[in-house]
Amino acid sequence: MIEIIKRPGGAMANRPLHFFWLADCSGSMYGEKIEQLNYAIRNAIKPMQDVAADNPNAQVMVRAVKFSTGAQWHIATATPVEEFKWDNLSSNGVTDMGQALQLVAEQLDVSLMPERCLPPVLVLVSDGQPTDDFSAGLAALMSKPWGKKSVRIGIGIGQDADLDVLQKFIGNPEVKPLQANNAEDLVKYIRWASTVVLQAASAPASQVKDQVSTGVVPIPQAPAADIDTDDVW
Amino acid sequence: MSTLLKREHIIYGNLTQQAYTIDTFLGAGTQGEVYRAHANGKLVAIKWYFPHYIQNDLPLRQRLENAIRKGSPDNNFLWPLELVTQPNNAGFGYVMPLRPSNFKSIVDLMRRRAEPSFSALISACLQLSESFLQLHAKGLCYRDINFNNVFFDPNTGDILICDNDNVDVNGATGAINGTPRFMAPELVRGDEPPNTESDLFSLSILLFYMLMLHHPLEGKKEAAIRCFDQSAMNRLYGTEPLFIFDPQDTSNAPVAGLHDNALVYWVLYPQFLRDVFTRAFTTGINDQHGRIRENEWRVILINLRDSLFYCGCGAQNFYDADNVKQCWACNKDLVYPPRLRINNAVVMLNHDTKLYPHHTDQTQKFNFSAPLAAVNRHPQDPNRWGLQNLGNNAWTITLADNSVKIVDSQRSVNLAAGIVINFGNTSAEINV
Ligand SMILES: Nc1ncnc2c1ncn2[C@@H]1O[C@H](COP(=O)(O)OP(=O)(O)O)[C@@H](O)[C@H]1O
Ligand SMILES: [Zn+2]
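Protein chains in written order, with the working numbering: chain A, 1 to 233; chain B, 1 to 432.
Bound-form chain A, shown alone (with noise of 0.2 angstroms):
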């Protein structure tokens, strides 16, 4: 049978989303923690795809950043979150944060950016100190327009996290960093930070009063942490 067009046009026009995963490969991550953030994020994927699915607002395209001794890309073209794969990380070596953050603030450079974008997620996941020049890589990507732009979240995993960086990183005093004590504790955050923070980032969900405002986009409040002992690192 032959279908015919009921009405013209095409979809409803949005904008692309780039979401940055930043993930802390290094030695103090080695064994069960990266093992746990492996599949956080591996748990994340579907509702995620959801998330984008049902938000007509945003093209979502996910890239990640590894980092340890130096950083790369763990996910260097722009993906549309529809085909988003997570391949396993390992770890080893240092810590440089501000490497990761200087491979993303090249990319966040306007003449490597769409014209017209929603806000840029960035999710940075660290569970110690970064052991390179944190600061000038903060400042190189607060000096791209898109980086001032973006939403940044901070993540720390266990009790060595330098909590202060991450919200160096985040930037406004009313969003504080999340520490994940337990596996669970991660699984929730990583969740949130890929389906509400990025639904919040282009199409903000009903405004509840009193929220807390990044500055780029109102960020709904992140869950409350498990006081659950069982999984303590």
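Please note: incorrect hints may appear among the correct ones.
Claimed, not checked - In silico SDA-like pairs for lysine to any residue, Cα to Cα no more than 20 angstroms straight-line:
(1) A:K6 with B:Y310
(2) A:K6 with B:D333
(3) B:K405 with B:N425
(4) A:K148 with B:A232
(5) B:K104 with A:I5
(6) A:K6 with B:A114
(7) A:K6 with B:Y336
(8) B:K325 with B:L308
Said to hold, decoys possible - In silico contact screen, one side only, chain B against chain A (beta carbon under 10 angstroms); selected entries:
(9) S105
(10) M110
(11) R112
(12) A120
(13) L213
(14) E222
(15) A223
(16) R226
(17) F228
(18) D229
(19) Q230
(20) N261
(21) L263
(22) L268
(23) A315
Said to hold, decoys possible - Which chain A residues face chain B? A few, computed with CB under 8 angstroms, are given here:
(24) K6
(25) R7
(26) P8
(27) G9
(28) A11
(29) M12
(30) A13
(31) R15
(32) D54
(33) P56
(34) L118
(35) W146
Hint data in this document are derived by calculation from the structure and do not stem from the laboratory.
Using N, Cα and C, we set each Cβ at its ideal position, and we do this for glycine too.
Position chain B with the ligands relative to chain A; hints supplied.
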């Protein structure tokens, strides 16, 4: 995945003491999680709130109890039926009817994953207007009309409105201010709390989105924004809202290549629809008194549906006074079918057109269950078309030569130019 409730959990209804068993997780929103559950072999949906949300929205429980006591404004709402709680759990939620799977979201419409015909789409718009009229007439305010709270059946245009837990007495202070892109400018600016008039603005936005697949304020100004962030949204929807088809100011006109749907659909619809949207987003943009009310939308949408006709290629097109237009699908000049002028409206007499009580008596409510007339073919001569009287009362018709005839119930009158049909309360003339 960790959810607040799990399969086989039992929760209890506060009114009926009914035990509901949780089946599956359906989805999460900003306020809570929604599950499918069953009781006595019947399926329902249960919304269970996040503990942090309950803390932030203290009047929630009271508001839900009020809504439950008042009952649903009409059958198109997935209205709260009763509160549910669980022993040894401070949380709570509510039961509502489960949305059947043939209902698609407005997001599916925007992404073209659901493709209704124009007539089904207009029926959906019409039912939305009717249901919000019923809700507002009860003195209630919805507060959060947006893409995610309305579902429709692409085949029939039936609708369902969910997320009725923000509904409150008009004027009450509540936790939800609305959803960006749908909020009235005075709400975006923070000048006013949500009320019935801001609901009406959001309804106009939703109807424009549904009919045009585009936002009415996203034109040149949107195109000029590089990073679409909070401050850009505040400007576009709050402090400098300007209709993309403002007849006095073209500085926010749609941009070809970026806003094509707006350009394609705007010219396709009849002038009377363009006029009402123009009022909604010019005088109605800053003046709450200028908002288009649901009963006006109802009349407009009925007229819009009545102006649909088929091109020879099968595509549905709109009659727009006597302007000759080309079919949007095959580009050929459109040929109008016979039509009926009733009062100030024109009803296209297509092979499948039916007339309902409101067509012949303006005091009648819209009711599509019992047609009063239907276009049909002559049983012996398939080239002869007529209008069959399906009501109980005879019609009086006056022919072009001024002779008068009676058309009894079940009989038909020829669709010939100049015939005037007197339905009892109203007369109408056939044009060809
Ligand atoms: N009655 C229902 N039947 C089926 N699914 C529903 C029903 N109500 C809500 N849902 C689904 O549950 C999810 C969350 O519901 P929603 O009301 O949007 O939450 P919130 O108000 O917290 O944002 C959505 O995916 C929605 O489609
Ligand atoms: Zn045609």
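Quiz item: Are the Cα atoms of A:K6 and B:Y336 separated by 20 angstroms or less?
Solution: holds, 19 angstroms
Quiz prompt | B:A315 as chain A interface residue, shortest Cβ-Cβ below 10 angstroms | solution = holds, 7 angstroms
Quiz item: Measuring from the C-beta of A:G9 to each C-beta in chain B, is the shortest one below 8 angstroms?
Solution: holds, 4 angstroms
Self-check item: Per-residue hint verdict: A:W146, partner chain B, C-beta under 8 angstroms
Solution: OK, holds: A:W146 within 8 angstroms of chain B, min 7 angstroms.
Quiz prompt | Restraint satisfaction for B:N261 [CB to CB of chain A, less than 10 angstroms] | solution = Holds. Min distance 4 angstroms.
Quiz item: Is the hinted pair B:K405 and B:N425 satisfied, with a Cα-Cα distance of at most 20 angstroms?
Solution: This hinted pair holds, its Cα atoms lying about 17 angstroms apart.
Quiz item: Is the interface hint for A:A13 satisfied, with its Cβ closer than 8 angstroms to some Cβ of chain B?
Solution: Nearest chain B Cβ about 6 angstroms off; hint holds.
Quiz item: Taking 10 angstroms as the limit, does the beta-carbon of B:Q230 come near enough to a beta-carbon in chain A?
Solution: Holds, because the Cβ-Cβ distance from B:Q230 to chain A comes to roughly 5 angstroms (cut-off 10 angstroms).
Self-check item: Pairwise hint evaluation, A:I5 against B:K104, where the allowed Cα distance is 20 angstroms at most
Solution: holds, 19 angstroms
Quiz item: Between A:K6 and B:Y310, does the CA-CA distance stay at or below 20 angstroms?
Solution: Roughly 11 angstroms separates the two Cα atoms, so the pair holds.
Quiz prompt | Hint status (Cβ of B:F228 to nearest Cβ of chain A, threshold 10 angstroms) | solution = holds, 5 angstroms
Self-check item: Hint check: 10 angstroms Cβ-Cβ cutoff, B:A120 to chain A
Solution: holds, 9 angstroms
Violated hints for the displayed structure: none, as all numbered hints are satisfied.
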